[in-house]
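Number of protein chains: 2
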Amino acid sequence: MDIAGYPSKLLEDAVNEFAKLPGIGKKTALRLVMHLLKQDVDQVNNFGNAIIKFRNEVIFCKVCNNISDTDVCSICSNQARDHSLVCVVENVKNVMAIEQTQQFRGVYHVLGGIISPMDGIGPNDLKITSLIERVANGSIKEIILALSTTMEGDTTNFYIFKKLSNYPVRITTIARGISIGDELEYADEVTLGRSIVNRTLFELLFTNN
Amino acid sequence: MDIAGYPSKLLEDAVNEFAKLPGIGKKTALRLVMHLLKQDVDQVNNFGNAIIKFRNEVIFCKVCNNISDTDVCSICSNQARDHSLVCVVENVKNVMAIEQTQQFRGVYHVLGGIISPMDGIGPNDLKITSLIERVANGSIKEIILALSTTMEGDTTNFYIFKKLSNYPVRITTIARGISIGDELEYADEVTLGRSIVNRTLFELLFTNN
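Protein chains in written order, with the numbering used here: chain A, 457 to 665; chain B, 457 to 665.
Hints are computed from structural coordinates only; laboratory data are not their basis.
One or more hints might be untrue.
What the hints assert, rightly or not - Straight line, CA to CA, 16 Å or less: simulated EDC-like cross-link-like pairs of lysine to aspartate or glutamate:
| # | chain 1 | residue 1 | chain 2 | residue 2 |
| --- | --- | --- | --- | --- |
| 1 | B | 597 | B | 538 |
| 2 | B | 465 | A | 525 |
| 3 | A | 483 | A | 469 |
| 4 | A | 494 | B | 598 |
| 5 | B | 465 | A | 527 |
| 6 | B | 618 | B | 598 |
| 7 | B | 494 | A | 659 |
As the list claims (entries may be wrong) - Incomplete in silico selection of chain B near chain A, CB under 7 Å:
| # | residue |
| --- | --- |
| 8 | 461 |
| 9 | 463 |
| 10 | 506 |
| 11 | 511 |
| 12 | 512 |
| 13 | 513 |
| 14 | 514 |
| 15 | 525 |
As the list claims (entries may be wrong) - Just so you have them, the derived chain B footprint on chain A, three or more residues with Cβ under 8 Å:
| # | stretch |
| --- | --- |
| 16 | 463 to 474 |
| 17 | 570 to 577 |
Glycine included, C-beta positions come from ideal geometry on N, C-alpha and C.
Given only the sequences and the hints, what does the whole structure look like? Please build it.
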């Protein structure tokens, strides 16, 4: 339902801008704007300016394409990390999720999406050329493909795999299997089947990395 | 869950500001910020500036306390409306909802909340004094109390009713009864009971106003 009769053009503009965000309709937008009306002017200025500043000043790392405050991000410029091990991910959120696990000491390559014909996203819309260039430079030993285990993710995995097949680099993917804490009887049969085919030596369960 | 390890301070600031909004957690905030990253810089500037401009420049009508772009809002300055009939509402959203019905040709008085001891909101936090002043000026014939049919709404109704009891003004409340389109068997018994006590002449169903 559209909301007509805004008592103020300023209110209407603010609501319309909020309602452009994904998952936020006109009613939620109005609720958020009315919330901001109750906040201090300084707080609302901080909110608006943080967003403007982020969008205008954000930098993408020229090595891995991750969001950064500097030309080369803090991960790529960290010499304590293993620069011969590159984890390929779809987006910045995935980098953050993997960093959160504290299980990975290599570096990243952010594709900026995955191949999805339904959404009109092809290989040329992604940072695949720059990945191949990184590999062609020769110092990378292993590429870990850490994309979603969906049709689109697998398509992208396969595309990158083919593109890299002429280079002397080891290509791996994240393990697929039963999530930790899951009840076996509720696992889907594809995952369960694959988890048996790709079974792991029991003693490896207790080692890190 | 908190998200650690932001790759950029600008990103972290933008996410934290979004996450201060009601109903928006860190994960949703990150999703919204990543969405803005894909938008044109101009579009994001418009978003941020619309919010800042709204908060800094919004005016409350000096007559009815509704949000306005001018000192006196478009409803209060409309001479075609009945200024002797004042509808008392909790907030701006209620004004918009009633305007949407196109059934009311009077003017409004926006309280800015309802009496709610649980939230620390007392009569002095609301625009009740200015309502009494409007009534004391003498040209108002009827006050329609259009607050939520909750305990807080009824408390506020009763408080206003007592405060206005010495003035020669008719005080009414919105009709309470079965919502149009509701199945009778699912109506709560308080509403159903009241709808029988306060029954309406059948022919009045087919008149407007």
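Going down the list of hints, with the structure as the test:
For the hint pairing residue 597/B with residue 538/B, the CA-to-CA distance comes to about 10 Å; that is within 16 Å, so the pair holds. A C-alpha spacing of about 7 Å is found between residue 465/B and residue 525/A, which places the hinted pair at or below 16 Å, so the restraint holds. The suggested pairing of residue 483/A with residue 469/A holds, with an alpha-carbon distance near 14 Å, which does not exceed 16 Å. Restraint check: the Cα-Cα separation between residue 494/A and residue 598/B comes to about 30 Å, which exceeds 16 Å; the hinted pair is violated.
Restraint check for residue 465/B and residue 527/A: the C-alpha separation of about 14 Å stays at or below 16 Å, so the hint holds. A C-alpha spacing of about 15 Å is found between residue 618/B and residue 598/B, which places the hinted pair at or below 16 Å, so the restraint holds. A threshold of 16 Å between alpha carbons decides the hint, and for residue 494/B with residue 659/A the separation of about 45 Å lies outside it, so the pair is violated. Because the closest C-beta pair between residue 461/B and chain A is about 4 Å apart, less than 7 Å, the hint holds.
With a cut of 7 Å, the hint placing residue 463/B at the interface with chain A holds, because the nearest CB-to-CB distance is about 5 Å. The beta carbon of residue 506/B comes within 4 Å of a beta carbon in chain A, closer than 7 Å, and the hint placing it at the interface holds. Nearest Cβ of chain A to the Cβ of residue 511/B: about 4 Å, under the 7 Å cut. The hint holds. With its C-beta approaching chain A no nearer than about 6 Å, residue 512/B sits inside the 7 Å limit, and its interface hint holds.
The closest approach between the C-beta of residue 513/B and any C-beta of chain A is roughly 6 Å, which is under the 7 Å cut-off, so the hint is satisfied. About 6 Å separates the beta-carbon of residue 514/B from the nearest beta-carbon of chain A, less than 7 Å, and the hint is met. Taking 7 Å as the C-beta contact cut-off toward chain A, the hint placing residue 525/B at the interface holds, the least distance being around 5 Å. As drawn, the stretch 463 to 474 of chain A meets chain B at 10 residues by the rule of a beta-carbon pair under 8 Å; at three or more, the given contact holds.
With 0 residues having a beta carbon nearer than 8 Å to a beta carbon of chain B, the stretch 570 to 577 of chain A misses the requirement of three or more and the stated coverage is violated.
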